[in-house]
Amino acid sequence: MDLAVDLQGITKRFGAFTANSGIDLAVRRGEIHAIIGENGAGKTTLMNILFGLLQPDEGRIALNGKAMVIDSPAVAIAEGLGMVHQHFKLVPSLTVADNIFLGMEIRRNGLIDRAAQIERTRVLSQKFGLRVDPSERVAGLSVGIEQRIEILKVLARDARTIILDEPTAVLTPQESRDLFATLRSFVDDGMTVIFISHHLEEVMEVSDTVTVLRDGKVVATRPKTSLSKRELVRLMVGRDVSFDRRPRGPVDGKAALEIADLWARDDRRLPMLKSASLTVRSGEILGIAGVAGNGQTELAEVLSGLRPPSHGSVRLHGQEVLGLAPAQIRARGLAHVPGDRMVRGVDRNASLSANMLMGRQDKAPFSHRGILSWATAHAEMRALIKRFDIRARGPKDPARSLSGGNIQKVVLAREFTAGGDVLLIDQPTRGVDIGAQEAIHDEIMRQRDQGRAILLISTQLDELAALADRILVMFDGRIMGEVDGEAMDEEAIGLMMAGVDPATPVDPSTGIDPIGAAAAPAFPRPPASEEVR
Amino acid sequence: MEVLGSLFNVALLVATIRTTTPILLVALGGSFTTKAGIFNIGLEGQMLIAAFFAVIGSIYTGSSVGGLVIGVAAALVFALVYAVLVVSFRANEVVVGLALNILAGGMTISLMKAIFGTRGSIVGRGIVGLPKVQVPGARDLLGFNAAQLISGYTPLVYVAFLAVPAMLLIYGRTRLGLYIRVVGEKPEAAEALGISIARVRYTASLLCGLMAGLAGAHMSLGYITMFTENMSAGRGFMAVAILIFSAGDPLKVLAGCLLFGFADALSLRLQTFGFPSYLVLAVPYAVALVALFALSWRARPKTIRETLETMRRALSVSPERESSSTRS
Numbered sequence: 164m165d166l167a168v169d170l171q172g173i174t175k176r177f178g179a180f181t182a183n184s185g186i187d188l189a190v191r192r193g194e195i196h197a198i199i200g201e202n203g204a205g206k207t208t209l210m211n212i213l214f215g216l217l218q219p220d221e222g223r224i225a226l227n228g229k230a231m232v233i234d235s236p237a238v239a240i241a242e243g244l245g246m247v248h249q250h251f252k253l254v255p256s257l258t259v260a261d262n263i264f265l266g267m268e269i270r271r272n273g274l275i276d277r278a279a280q281i282e283r284t285r286v287l288s289q290k291f292g293l294r295v296d297p298s299e300r301v302a303g304l305s306v307g308i309e310q311r312i313e314i315l316k317v318l319a320r321d322a323r324t325i326i327l328d329e330p331t332a333v334l335t336p337q338e339s340r341d342l343f344a345t346l347r348s349f350v351d352d353g354m355t356v357i358f359i360s361h362h363l364e365e366v367m368e369v370s371d372t373v374t375v376l377r378d379g380k381v382v383a384t385r386p387k388t389s390l391s392k393r394e395l396v397r398l399m400v401g402r403d404v405s406f407d408r409r410p411r412g413p414v415d416g417k418a419a420l421e422i423a424d425l426w427a428r429d430d431r432r433l434p435m436l437k438s439a440s441l442t443v444r445s446g447e448i449l450g451i452a453g454v455a456g457n458g459q460t461e462l463a464e465v466l467s468g469l470r471p472p473s474h475g476s477v478r479l480h481g482q483e484v485l486g487l488a489p490a491q492i493r494a495r496g497l498a499h500v501p502g503d504r505m506v507r508g509v510d511r512n513a514s515l516s517a518n519m520l521m522g523r524q525d526k527a528p529f530s531h532r533g534i535l536s537w538a539t540a541h542a543e544m545r546a547l548i549k550r551f552d553i554r555a556r557g558p559k560d561p562a563r564s565l566s567g568g569n570i571q572k573v574v575l576a577r578e579f580t581a582g583g584d585v586l587l588i589d590q591p592t593r594g595v596d597i598g599a600q601e602a603i604h605d606e607i608m609r610q611r612d613q614g615r616a617i618l619l620i621s622t623q624l625d626e627l628a629a630l631a632d633r634i635l636v637m638f639d640g641r642i643m644g645e646v647d648g649e650a651m652d653e654e655a656i657g658l659m660m661a662g663v664d665p666a667t668p669v670d671p672s673t674g675i676d677p678i679g680a681a682a683a684p685a686f687p688r689p690p691a692s693e694e695v696r
Numbered sequence: 011m012e013v014l015g016s017l018f019n020v021a022l023l024v025a026t027i028r029t030t031t032p033i034l035l036v037a038l039g040g041s042f043t044t045k046a047g048i049f050n051i052g053l054e055g056q057m058l059i060a061a062f063f064a065v066i067g068s069i070y071t072g073s074s075v076g077g078l079v080i081g082v083a084a085a086l087v088f089a090l091v092y093a094v095l096v097v098s099f100r101a102n103e104v105v106v107g108l109a110l111n112i113l114a115g116g117m118t119i120s121l122m123k124a125i126f127g128t129r130g131s132i133v134g135r136g137i138v139g140l141p142k143v144q145v146p147g148a149r150d151l152l153g154f155n156a157a158q159l160i161s162g163y164t165p166l167v168y169v170a171f172l173a174v175p176a177m178l179l180i181y182g183r184t185r186l187g188l189y190i191r192v193v194g195e196k197p198e199a200a201e202a203l204g205i206s207i208a209r210v211r212y213t214a215s216l217l218c219g220l221m222a223g224l225a226g227a228h229m230s231l232g233y234i235t236m237f238t239e240n241m242s243a244g245r246g247f248m249a250v251a252i253l254i255f256s257a258g259d260p261l262k263v264l265a266g267c268l269l270f271g272f273a274d275a276l277s278l279r280l281q282t283f284g285f286p287s288y289l290v291l292a293v294p295y296a297v298a299l300v301a302l303f304a305l306s307w308r309a310r311p312k313t314i315r316e317t318l319e320t321m322r323r324a325l326s327v328s329p330e331r332e333s334s335s336t337r338s
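Protein chains in written order, with our numbering: chain P, 164 to 696; chain Z, 11 to 338.
By construction, these hints were calculated from the structure, which means they are not laboratory data. Quick caveat, the model's predicted, so the values are computed rather than measured. Treat the hints with care, as some may be off.
[To be verified] Reference excerpt, derived from the structure (chain P facing chain Z, CB under 7 Å, subset only):
| # | residue |
| --- | --- |
| 1 | D234 |
| 2 | A237 |
| 3 | V254 |
| 4 | G266 |
| 5 | R271 |
| 6 | N272 |
| 7 | A278 |
| 8 | I281 |
| 9 | L395 |
| 10 | V663 |
By construction, the Cβ of each residue, glycine as well, lies at the ideal position given by its N, Cα and C atoms.
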């Protein structure tokens with residue numbers, strides 16, 4: 164058999180943790196081979212070993228039928244391997260051509276020959292149908308184009324086998340579709356593509372063969388045609404998982420959180436939240452769906468006071484809170500479970516009790532005349548560990564010693580007991596294993612039953628389908644439309660996520676031309692002249 | 011008016027060029043490390059140690075070139091130690107830089123005591139200064155006054171000013187310059203392409219040492235042939251300040267150094283006019299502060315404004331509505 168990549172018995176340990184255990188992987192030339200598994204299943208470790216960024220503790224590697232030791236990326240590149248990393252490694256201040264030829268500059272008389280590099284880039288770009296402007300600076304290009312540049316970088320190094328690590332995580336559905344078409348054309352040219360993902364849909368859409376990893380081991384390698392989505396989930400998770408809709412009573416609370424015509428800019432100073440209006444009632448879960456990077460982060464940050472808004476209105480129980488400091492907003496009843504738990508959720512080096520104390524360190528019973536009572540804090544944390552089923556030895560454990568799912572539970576425990584009756588929950592189960600996901604969903608439903616108003620932001624549609632009473636879809640900073648959670652129409656949501664306006668615009672009062680809004684690019688290029696610096 | 015006339019003349023420009031040279035050399039050296047992503051506050055120490063060893067070298071070899079080489083070598087040793095600690099052992103760059111600065115200050119004093127048995131300064135004792143370069147034909151072509159501007163400097167003055175275009179070429183068109191920029195701006199990109207970050211940073215550090223060494227040698231063997239305790243007098247730190255505000259861009263470095271050099275030259279001139287010396291000596295630092303403040307004032311983050319212009323583009327409304335909304 165003609166194998167582009169042949170891994171046998173690869174094992175890699177990090178201390179006591181085994182990331183890869185006895186992995187066999189055979190990738191035939193000319194196929195798209197997907198490697199799928201949950202976070203922490205060992206996909207990225209395996210690819211880093213293949214690309215020479217990590218050394219295996221055991222096992223053999225053969226490329227194109229030759230046994231090799233890949234001790235640096237240079238060796239892998241020389242053997243025709245190319246890697247498109249999940250996080251792009253482009254230099255913003257350099258041009259597209261400079262980035263592509265970085266490390267293999269074309270030189271004349273000892274000086275870099277820019278004209279030749281630009282010409283070669285143009286030729287490559289035409290040959291593979293990946294449109295770029297070679298002399299443009301990378302800073303400010305959209306992620307879709309950045310990914311094209313990364314692929315061209317790999318092609319310029321004559322790669323015949325291309326590894327893509329989670330390539331669609333940051334792409335819009337249209338960009339993903341373009342990417343898949345490009346990958347298909349590569350394979351038609353006799354190249355080989357290894358595709359790492361944890362998204363079932365795209366794996367089913369694009370791959371020829373699927374290898375499933377779980378807990379660092381290969382669970383199955385099968386042709387896609389013999390697999391169903393259901394089977395794939397069972398292989399990935401190890402048991403049948405049903406994310407059925409949670410039973411619930413009707414919503415009859417009063418409006419607790421009202422947002423009207425809210426605008427904000429992202430870090431590049433581009434409008435990223437555009438005229439968002441919504442209302443969440445007590446005892447209701449309002450879901451926000453959308454591809455990551457379409458304004459959800461900005462929405463959560465503005466609501467919690469972490470990002471200055473441009474204008475608009477946010478009312479908590481009828482009281483305007485826009486522009487207040489995060490602590491003041493919290494004091495008025497908002498609890499915030501941030502999207503990135505390691506950045507804004509916990510202090511990873513602090514104990515669980517200290518993490519729990521954050522925000523209530525000056526309140527009774529934890530503080531008595533300005534002196535902290537650690538005994539009270541530890542007792543409270545012990546109670547929370549029990550109540551939220553947090554897998555930790557005790558309240559004095561540093562947060563970093565817990566798994567992602569358990570850290571998330573610590574954040575949820577703190578926020579749900581903070582006394583706020585409006586909960587802003589951003590990506591509650593990102594990177595959390597399935598068992599913990601169910602527990603977190605249970606807890607969110609319990610909060611709903613207690614009459615809390617919940618704004619749930621998630622990129623995972625099945626999560627919203629299970630939990631939300633209503634679902635709003637965001638695209639390019641705008642709320643595209645609303646779907647009833649009870650009879651969720653995935654097709655309609657998918658279209659709105661891609662920027663196609665539903666038949667009836669959700670809020671005609673804003674006077675926005677729906678066609679124009681839909682035509683606006685998801686990642687607008689910064690304007691050349693008026694960019695505010 | 012008479013005072014102003016005698017203050018601002020060709021001699022002041024010549025003095026500016028002379029006083030700019032050491033700080034320009036050391037700041038351009040620091041440009042390499044700044045661009046490579048190292049915050050190098052060890053410039054002062056490298057300059058001082060080079061100034062001292064340039065004098066020693068000049069005495070022992072009896073030649074100014076010998077002095078220059080030995081001075082530069084001493085700065086390179088310091089730069090190497092700095093690179094080993096900061097790049098290989100990942101020590102904190104500020105702590106290491108400060109430590110080396112203090113070491114340079116103390117070491118020159120103790121060595122002076124040990125070798126010459128004196129404190130304060132080394133004067134005479136057979137120190138050979140750098141020769142002055144007369145540009146042939148300059149006087150005939152340009153006349154006395156203009157010729158002064160380009161002729162009669164020590165070689166390092168020419169090196170310093172020619173280094174500016176040379177460095178523009180290095181950053182813009184050579185592989186080394188490109189790698190230095192990439193390592194400073196996006197190290198993970200360099201790493202992914204098999205460019206050794208450590209090697210590039212070592213190279214940048216040593217290039218910095220070379221330039222700082224030239225700066226030091228210029229101080230002690232240039233216009234005055236002597237070494238005094240702490241004779242770098244904060245120029246290395248001034249260079250660091252210039253580097254922070256220029257982000258290592260050679261042209262901006264040149265502009266900053268010229269400003270400081272001009273203020274320095276002006277204060278020297280003012281002293282001869284009988285102004286109180288403590289005020290006069292503060293001039294360069296005051297000028298530098300004002301300039302830095304002006305720069306940072308301009309670069310301060312502007313409040314976020316949702317202008318009609320950007321909103322319209324985001325909404326991509328039709329041109330008719332565009333023009334009407336501008337008026338309203």
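Exercise. Of the numbered hints stated previously, which ones are contradicted by the structure, given in increasing order?
Worked result: Numbers 1, 5, 6, 7, 8, 9 and 10 - these are the hints that the structure violates, sorted from lowest upward.
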